[in-house]
Every structure is written in structure tokens, then in C-alpha cells.
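J.: The lines below spell out each chain.
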Amino acid sequence: MLRVLRARLKQGYRTMRFPDQPPVMPEKYAGRPRCNAAHCVRECTACIQACPTGALSKSGGAVTFDLGRCLFCTDCTDACPTKAIQFTNEYRLATRTREALMVDHRPFALAQALEGEARRLFGRSLKLRQVSAGGCNACEADTNVLNTVGWDLGRFGIQFVASPRHADGLLVTGPVPKNMELALKKTYAATPSPRLVIVVGACAISGGVFADHPEVNNGATSTVPVDLFIPGCPPHPATILDGLLRLLGRIK
Amino acid sequence: MTTLPQLHNGQALPLRDIPELPLPEFRSQIVTRVRRGRRISSLFGLPDGGQIMLLAVLANDDQGMLELCRTRAQDRYPALTPDAPQAHWFEREIAEQWGIVPQGHPWLKPIRFHRCYDPGRDAWGRGPATPIEPCVTDYFRVEGEEIHDVAVGPVHAGIIEPGHFRFQCHGENVLHLEIELGYQHRGIERALMGIADSQCAPSSIRHPPSAIRNSPPGPRAVHYMETLAGDTTIGHATSYASILEALGNVTPAPRAQAIRAVALELERLANHTGDLGALAGDIGFLPTLSYCGRLRGDFLNLTALLCGNRFGRNLVRPGGVRFDLTGPVVTDLLTRLHATFEGVQNAVDLLWETPSVMSRFDGTGAVSQQDATQLGLVGPAARASGVNCDVRSDHPSGMYLSHDVPSVTLRTGDVAARAYVRWFEIQKSVEFINGVLRALPAGSVRQEVRPPAPEHVAVALTEGWRGEICHVAVTDDQGRLRHYKIVDPSFHNWFGLAMALRRQQISDFPLCNKSFNLSYCGHDL
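Sequence lines, in order, name chains A and B.
Those letters in the first sequence? Residues 755 to 1006, per my numbering, in order.
Those letters in the second sequence? Residues -4 to 520, per my numbering, in order.
Derived by calculation from the structure, the hints in this document are not laboratory data.
Check each hint, because a few of them may be wrong.
To be verified - Per the computed footprint, the stretches of chain B lying under chain A, defined by three or more beta-carbons under 8 Å from a beta-carbon of chain A, are:
(1) 86 to 98
(2) 144 to 158
Unchecked claim - Incomplete in silico selection of chain B near chain A, CB under 8 Å:
(3) Phe162
(4) Gly177
(5) Ala186
(6) Tyr219
(7) Pro282
(8) Gly288
(9) Gly292
(10) Arg305
(11) Gly322
(12) Thr359
(13) Ser363
What the hints assert, rightly or not - Derived list of chain B stretches under chain A, where covered just means 3 residues or more per stretch with a C-beta under 8 Å from a C-beta of chain A:
(14) 447 to 454
(15) 472 to 478
Glycine included, every Cβ here is placed at the ideal spot set by N, Cα and C.
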């Protein structure tokens, strides 16, 4: 017992002050991308060719990024001959709609909070059932890490529960393989209404790197209605938590 | 025993140098060698002129060599499994992918639940109209008045991947556990081979037109490697890079190899630390669970120092690595590695010092050395059962040629042994990283990779944190990837978990499962 207490003292207090203090992102972190239209060569398509998931498109002078497809692999920055594409250290990426994930020259619309009855019900207590549907265990791991003492998800009233019957919603990861489609549908059906669906990662939003494989469904949107999109491959834990807290109106 | 063509880990050789053996000889070569201690690292089928070529990679761990042999099969062949049980899962895969029946296989069932790659064929005689549903299949049944079935999954209680577990129980005692996977199947190997859509492709699949091939490796290939098992991003990306380097006959610069090795060991540190915490959690010992959860994240953050991503995405590339290390980052790495390791030591020592923990670990889920050898287990699970195999020392490549990583072998094969092996490996990985970072070779970190040599076979092994990762590539006459085979360590080890559960209480399943901590997606591909 004394050993346990001594270890406890040594380990110290480790919970981050997020969201009051911003998280420290690694120097090489690739966050929300942007294209400098002044440097972008109109007829050049090198970045579009290099993208493994077709996340880039061009209309007029600049590139539009679909964060729902983007792996944040930065293959496009390597391909760009004029270094017009840059991945910033902006980790806040979550949106309420699929369309809002399209990044161009306009301001990025971060997720708005739930409103009315949903906000009243879930704003201070949200129980989620996680469903991994073809996830590679990276989105799962960085969702799970929110439960550790570092992030301490419980202080926001958010908890992952063992049964969909106890849940207010689902957090889905993975491209939803055909082999998981029925299980996801059943889990959704077993979750009492009103219920939320949060999708985490490029796979769950668009199929990610597995998009258009006949074995998968190109994400959860084809199977269940989605309330919050958190892009990334995988999203940083700060990105996921930021999204959850925005949805609940805890960050504005 | 006649000799077979051999190569080192990370080498390529012309396909024509591997003689095509008659089926009976192919079979007897494998059976004889496995009896003498070789391991089956890979065994798979690939289309070859209207027939299926079977290619085997046998690991000779004593001499650090890999032996290859091949044959041709039409519709059926006598199964290897009755004489070499570690072929068990491979032969089920061959049957499912190519519709070839290994006759005499003791339990021939699908492993991933998809259609045969060759439309119209099916090892189980299912027609195109018969739906293939995951895990809808036969299960072992123990008959008796008080026997009951317990079915768990695919959706589990925690934040984990899906799989189905079927227990045959007598009271609390598990007589048999059968594990069925396939829910995570995303079609990665099929996509790498460029086989368009096995469900609607024309009958030309055995000669896929080059236009639909994803090769030479398309822009997605390296990303498949990094996401086929996301917790093993570095491990699989390293094997893939080694394959293309072998086929292009280039050796990455020493500095690049050093950075790869550091990343690989950081991946091991993060996962082993997380596993030790989770083992504590499964028996309700919360201090170690809490501390290791945080410390695991600290190791992931060290990987993010290398490349910006906590799982090592975008770091390892054919020809080297994408990011160099600067002096300040090396200093930062060393400082934080030391602090994190001290935290792990403090947290993990609690396990060994607490009798209530050890009484739950000791003797639980034991796998005998004989079973581990026969099943061909790899990685910490094998070493905990007295099987001394570790790619880093048996088949070293890159940085491991000049820097030893000692491995530990225990005998008891129980949860305690699998936990202790992890703790030992954490200590040795930290020593290794310290050694490599303090004497980081100078030079470039990335070079051009020449196009793959035509009609060659390349094999690359990497000791991932779960054990041996084996990639095999075969190129066509244009040097494109004709076939790409991935064996995640979980492929070898899932049956080990089933064996560990025999004669255990069903309530020990989470503990036993965590002590293996196998990959669902790495298996399902």
C-alpha cells in the first residue's frame, strides 16, 4: 500500500488544462491545410495527381481540400512545384456538416453546438458507444487516450459505455466494411432516441484510403445519419476532444 | 534434405531461381523442414497461367536465412496442416482467396468472409447467389447436458475492434474458444494486386489486365501499409520499404535506417506500455492502468517528434525516411525518453510487487512451448512460451545488424510471462534507442529507389511489437507488383489465444486476450 502511495506521489498530477490552455502540437504536426493562391500555378495539377484519396480539386486559381478525404499525409506539399500548399498547425477541424469540410479561401466553419432539447439533454452528460467498423486501431487508440488521466474526458461529463442501450450516441471509426454494416446498423438501432452519431477519421467520413473498395461502404454516412465530423488520419486527441466539446457547447 | 534457394531478410532473387517442385515434393520439403524447426513465415497462392502457384517462405532462425519453394495447384492438393499444424491458418486463407481445397484440412473454414478472388470458384461450393455473411459458419460444438455456448462480439464493450468469440463452456470453465474474424476486411491485398472487383470482374482475373493494376505501386500503396494495422504503422511501412529497396537494389543510408529503427522501437515502447497498463486494468489494479495510459501517450508523442504524427504516419518511405532529425530534436527525444521510461519503471514495478496482481497473472492462460512451436507463434507471445525467435536477432537488417537487442525467453507461457517479456523488451528498447541516438550516423536520409526488377521475389521481415511481420512481393515481366502478400504477426497468433483459454475460467478471457493484444485489422487486411 505504501509503495502504491509512493508511486502515486512520483507520478504527479498530469491532467492537461485543455481547453483553457491550447495543447502543444508537435513541430512537424500537419493540421488544416491551405493553398496560397498567389503561388499556385493555374494549369498545374501535380498536387491533385499526388493525392492518394482524391481530396484535392481545383476551381480557378486555388486548391480546394476535402478534409473528409484528406489523410494529412502532405504528399501534395511534396508534389507542389511552387510550395503553394502548406499544412498549418491548426488542430481544430470538426464540423457539423460534410460540406463544411471543404477548405478553400473562405473562412472555415467549425462545428456549432447542439441546440434546444438536444443541448439540454446531452450538454452536461454524454454517454457514447464506440463502434470500430474497419478502423485500423489508430482512431480508436486516440479516442481511447481521452480516457487517460492526461485528458480526463470524464470531467466534461463524457463517458464511453459498454452497451448501446446505455448510450446517447455512437462514435464510429473506420470505413464500415460490408462485413460490419449489419453490426453497425444493429448497434445504431439499439441506441435509444434521441441519439447522436459522431464520425472520427477520414475512413469513417469518406472511406479514407479505402474509399471505393468494393469491400467497404465509404464511411458511416451511407449507413447512419451523422451529427459531427472529426477529420484526420487519425485526428489528434485534441482535435477529437475539441470537436466533442464544440458539439456540447463547452467551447465556442 | 535437398537444398532450397535461400535469401537474407530484405533481399530479392529472380523467380526462375526458385525451382517449381512437384506437389508431393513441395509438401514433403515443407513438412520435413518444419519438423526440423523451420517456421512458416508465409505460404500463399498467386495466379499463374490459369493455375495457382503456391509459394512458401520458411524461416531458418538458426542460420538467419529464408528458404523459398513453390509449386502449382489446380483445384485441390493434400493439406499440409495435418503434418505441419502451423500451416492451418495459411491453408484456410489459400482456400478462401483462390478456391483451392487443401484436402484433409481438419477445420477448413473461411477466415475473412469474402468472395474468392477468382470469380466462379469457391472452396466451399457456394454459388454467386449465396450470400457470404461474416462469421456465419460452422463452429466447434462440445455436446453434453451442462455444456453451454457463449457468443461475444462483433461489437465489444470497450473501444476495440470487432471480432467474434464463441466459447464452449462447462460452468465457468472454457473447454474451447473459437475465434472468427473478418469484420475488418477492407480488401487491401486485392487492391495491391490491382484485381478490380472480385465480385463483378470478368473471368480474366488470373491474367489481370495491366491497366487495372495498382502497380507499380500507386499513390495509395504506402498508405495501405500505414493503415493495415494502424498501431503497427512503422512496422508494416518498414517491411514495405525494404521490399521496394530489395527489388530496386538500393540500401537506405545509415542515418535513415537509424531513424527507422528508433521509430520501430518507439512503437514497441508505446504499445508494450499500453498493454501492461491494460493488463492491470483487466484485473482492476488501477494505479498501473492510470499511469501507463498516460505514459503510452508520452511515447506516441515522441514518435510525433520524428514526423508530426503520433502513430508514425508519413515517416518511413522506400529509399529512407521523409524527415531528418535535428540536434535539438535528438536532445529533446533523449530527455523525454528518459523521463517517460522512469515513469514506466515506477508504474510497472507496482505490478511485480503486488501479490494480488501476481496471483492473477501467474498460471493464467498458459501456452506450452510445444503448442507455441507447433502453432508457429511469434513475438512476445512465443518468447513467453520458451520459443526463442526475434527477427531483430535472427534475421537482422538495417540498424539491427550493428546494434544488438537482447531478447528474453521465459518458460511458463502464462499471462505473467507475456507481461514480463514486455517489460524486459521495454528496457532493452530504451537502451537501444539511447545507443542509436547518441551515435546517429551522419548523411542523407532519403535516396531514389530504382524501379523494381522484373520477375523477382523479395521478402522482408520486421520484428513489430507483436512479432514477425512478413511481406513478400512478386513482380511481373515489367517490374510491376504482380502479387503482394502481407502476414501480420496476429495471423500466426490468434490461434495461440484460443489455446490459452482452454481449461480457463471464462472471466479470465479479457486478461488472456489483452496479454496477446492481437490485431483484428492486421489479420483481416
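J.: Would you mind marking each hint as holding or not holding in the structure?
T.: Going down the list of hints, with the structure as the test:
A count of 0 residues in the region 86 to 98 of chain B with a Cβ less than 8 Å from any Cβ of chain A is obtained; the coverage claim is therefore unmet, three being the minimum. With 8 residues having a Cβ less than 8 Å from any Cβ of chain A, the region 144 to 158 of chain B passes the three-residue criterion, so the hint holds. At its closest, the beta carbon of B:Phe162 sits 18 Å from a beta carbon of chain A; the interface hint therefore is violated under the 8 Å criterion. The restraint placing B:Gly177 at the interface with chain A holds, with a minimum CB-CB distance near 6 Å, inside the 8 Å limit.
With a cut of 8 Å, the hint placing B:Ala186 at the interface with chain A holds, because the nearest CB-to-CB distance is about 6 Å. Checking B:Tyr219 against chain A by beta carbon gives a least distance of about 6 Å; that is within 8 Å, so the hint holds. Taking 8 Å as the C-beta contact cut-off toward chain A, the hint placing B:Pro282 at the interface holds, the least distance being around 5 Å. A cut of 8 Å between beta carbons decides the hint on B:Gly288: the least distance to chain A is about 4 Å, and the hint holds.
Contact between B:Gly292 and chain A, as hinted, is supported at the beta carbon level, the nearest pair being about 5 Å apart and thus within 8 Å. Here the hint on B:Arg305 is kept, as its CB sits about 7 Å from the closest CB of chain A, short of 8 Å. The interface hint given for B:Gly322 is broken, as the beta carbon of that residue sits about 14 Å from the closest beta carbon of chain A, more than 8 Å. Against a cut-off of 8 Å between C-beta atoms, the interface hint on B:Thr359 is violated, since the closest Cβ of chain A lies about 22 Å away.
The interface hint given for B:Ser363 is violated, since its Cβ lies 29 Å from the closest Cβ of chain A, which is over the 8 Å cut-off. Counting residues of the region 447 to 454 of chain B whose beta carbon lies closer than 8 Å to any beta carbon of chain A gives 0, which falls below the threshold of three, so the coverage claim is violated. Using a Cβ-Cβ cut-off of 8 Å, 0 residues of the region 472 to 478 of chain B lie near chain A, which falls short of the minimum of three, so the contact claim is violated.
The structure is inconsistent with the numbered hints 1, 3, 11, 12, 13, 14 and 15, although it conforms to all the rest.
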